[in-house]
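Trainee: So you can see what is in the structure, the chains are spelled out below.
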Amino acid sequence: MASPFTAPPIHLEQLRLEDAQALLSRDAHLALPPTDSPQEFLQCVIDGLCELSQKDPLTGLSNRRQFNAVLERTIDSVARSGDPALLLMIDIDHFKKVNDQYGHHAGDLVLKAVGDALATCVRPMDTVARFGGEEFSIVMPNCHTYFGSTIGERIRETLQALRISIGIGVEISITVSVGGAYAPEWVRSTAALWIERADLQLYQAKSNGRNQVRLDTQQEIFVSAEEKNMLFGHLALGEPAWIEGVNHDAAAAAMGQRV
Amino acid sequence: MADVSTPSADLAQNASVPLKPLGKVVAVTSGKGGVGKTFVSANLAAALARRGMRVLVLDADLGLANLDVVLNLYPKITLHDVFTGKAKLEEAIIRAPGGFSVLLAGSGMVEYSRLTPEVRDDFLRIMNGLVPHYDIVLLDTGAGISDVVLFAVSLASEVIVVATPEPTSLTDAYATIKVLVGQQKRQVVRMVINQTARLGDGRAITVQLQQVLDRFVATDPTRPIKLVHMGDIPADPAVRQAVMRRQLLTLSMPGSPAAMAIGQLAQKVQDTVVPR
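If you read the protein sequences in the order shown, they are chains A and B.
Taking the working numbering, the leading residue of the first sequence gets 12, the next gets one more, and so forth.
Taking the working numbering, the leading residue of the second sequence gets -2, the next gets one more, and so forth.
Calculated from the structure, these hints are not laboratory results.
Each residue gets a CB set at the ideal place from its N, CA and C atoms; glycine is no exception.
Be aware that a few hints might be false.
[Said to hold, decoys possible] With a Cα cut of at most 30 angstroms, we get these calculated DSS-like pairs of lysine-lysine:
id: 1; chain 1: A; residue 1: 123; chain 2: A; residue 2: 66
id: 2; chain 1: A; residue 1: 239; chain 2: B; residue 2: 223
id: 3; chain 1: A; residue 1: 66; chain 2: A; residue 2: 108
id: 4; chain 1: B; residue 1: 182; chain 2: A; residue 2: 239
[Stated by the list, open to error] Examples of chain A residues toward chain B, derived with CB under 10 angstroms:
id: 5; residue: 92
id: 6; residue: 119
id: 7; residue: 233
id: 8; residue: 234
id: 9; residue: 238
id: 10; residue: 241
id: 11; residue: 242
id: 12; residue: 243
Let the hints inform the model, and build the full structure from the sequences given.
Mentor: Here it is, written out as structure tokens:
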């Protein structure tokens, strides 16, 4: 009688794993471990399949499924932490011309090259995904608002400088348009609204002549260092006005003198 | 319903805030999240109700506020159903444990956070219908300075900013006040300082904020900005207990220092904010 607390033994030969194994060796180039530990073997198969299900086969970037999951997770964390997060949508300019002029294989090479280049432009914690067609997207958690245009420009310049070899002695170059939007801080937004805002910027970058970066300008509230210093500079100076409960008039007078 | 002279009649000229604030409506907002804004709204509402006032708290964070969590209420009908025409406004208003009324937004309301003109009109229409039935309507807004928050605050004749003595909270409160002054042309902002360590800390903070505002923001001498210190709520372990038990502090531990402070705050609100 099998105890409910011990799982029945796994017999690998009774499972139909041929398709999974073929998929993994062909698409993921994954060498599976020896079958003497069925559990380890299956774990490896499952991990490999999960990995595959999150990747775009052509570029090796995250696919739309993984992108959506990351976007949802980022929205959750932004709503809790208030840390700014940036979503960039990147579209290759006049990609159809590449396909028409050099063929679809060349188009694929361009997509791969662009994907590789995008991955070099951002941090390991960022998620670069192929959104669909010639459109890419990058989710950048914890990305401060004043870095947005720098990153966008870096991407634009890097891709403009890229020389893509599409055949012996044939190199082409492309440009991209970039649209971006920050997740509204402290607000639990939706993925659809966020993408829409970034897409709108991308559309404006396109209609404004392409090869440019457009970011959704959020309500920017700037508190200067001078203002911060006056607000609580005395905390750092070791003369806390209210923490120590000192005479407020004296504290106010001290602040007045510094100004 | 124009039973109070709105100090910011020139709001109508500002394209980003084309609305005229409603009397008897008080927005409770904060720069940073997690400073106890909803805690203050809910307990202040209970304390005002205790003083015999008819009080409504509206989840003006469009379903993202924690008002339902704080009050332990999960109504079947929410503002979302009113917006989508599935229910009448009266059906969505529920009675909270503290003897006041609550209108929760419902999770679907986040779809409305884009604030199209239609949504603004619907919201304004709903507010107009509600206000005459209450002595005071508290808007529990979202944290931060989103369109939704600014819109909600623009509906109110008075605004209370909740902050804690932490530098991050003060910076964000200050930034919020700057926007309220700049965009909504507000000249009076009321302050509640939560989680203060000692008596008088809150007033000192308000004085400090006032000085920075005077120096950097209120540069036009004909348009001074007045921060009104409404009260401190001392750091009090009873608050955490009440929040964990999902009870209103003013009901479950009325003798605690924080509950007493909220009682005083309610008195001050009744005396100074609510038009007679």
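Trainee: Let's test the interface hint: is any C-beta of chain B closer than 10 angstroms to that of residue 241(A)?
Mentor: holds (5 angstroms)
Trainee: Against the 30 angstroms threshold, does the CA-CA distance of residue 66(A) and residue 108(A) hold or violate the hint?
Mentor: Status holds; Cα separation ~26 angstroms.
Trainee: Can the hint on residue 234(A) be confirmed by a CB-to-CB distance to chain B that is less than 10 angstroms?
Mentor: holds (5 angstroms)
Trainee: Does residue 243(A) meet its interface restraint, that is, does its C-beta lie within less than 10 angstroms of any C-beta in chain B?
Mentor: For residue 243(A), the interface hint holds, since the closest Cβ of chain B sits about 5 angstroms away, which is under 10 angstroms.
Trainee: With chain B as the partner, please determine if residue 238(A) meets the hint condition of a C-beta pair closer than 10 angstroms.
Mentor: holds (5 angstroms)
Trainee: Should the hint that residue 92(A) touches chain B count as held when the rule is a Cβ pair under 10 angstroms?
Mentor: Holds, because the Cβ-Cβ distance from residue 92(A) to chain B comes to roughly 9 angstroms (cut-off 10 angstroms).
Trainee: Given the hint that residue 182(B) pairs with residue 239(A), test it: the Cα-Cα distance must not exceed 30 angstroms.
Mentor: Cα-Cα ~22 angstroms, so holds.
Trainee: With 10 angstroms as the cut and Cβ atoms as the points, is residue 119(A) at the interface with chain B?
Mentor: This hint is violated: residue 119(A) lies away from chain B, its Cβ roughly 37 angstroms from the closest one there, beyond 10 angstroms.
Trainee: Has the given pair, residue 123(A) with residue 66(A), been kept, meaning a C-alpha gap of at most 30 angstroms?
Mentor: holds (13 angstroms)
Trainee: Starting from residue 239(A), check that the Cα of residue 223(B) is at most 30 angstroms away, please.
Mentor: holds (19 angstroms)
Trainee: Holds or violated: the hint that residue 233(A) contacts chain B, with Cβ atoms closer than 10 angstroms.
Mentor: With Cβ-Cβ at 8 angstroms, under 10 angstroms, it holds.
Trainee: Against chain B, run the beta carbon of residue 242(A) and see if the smallest gap drops under 10 angstroms.
Mentor: holds (5 angstroms)
In terms of the numbered hints stated before, the structure departs from hint 6 and from no other.
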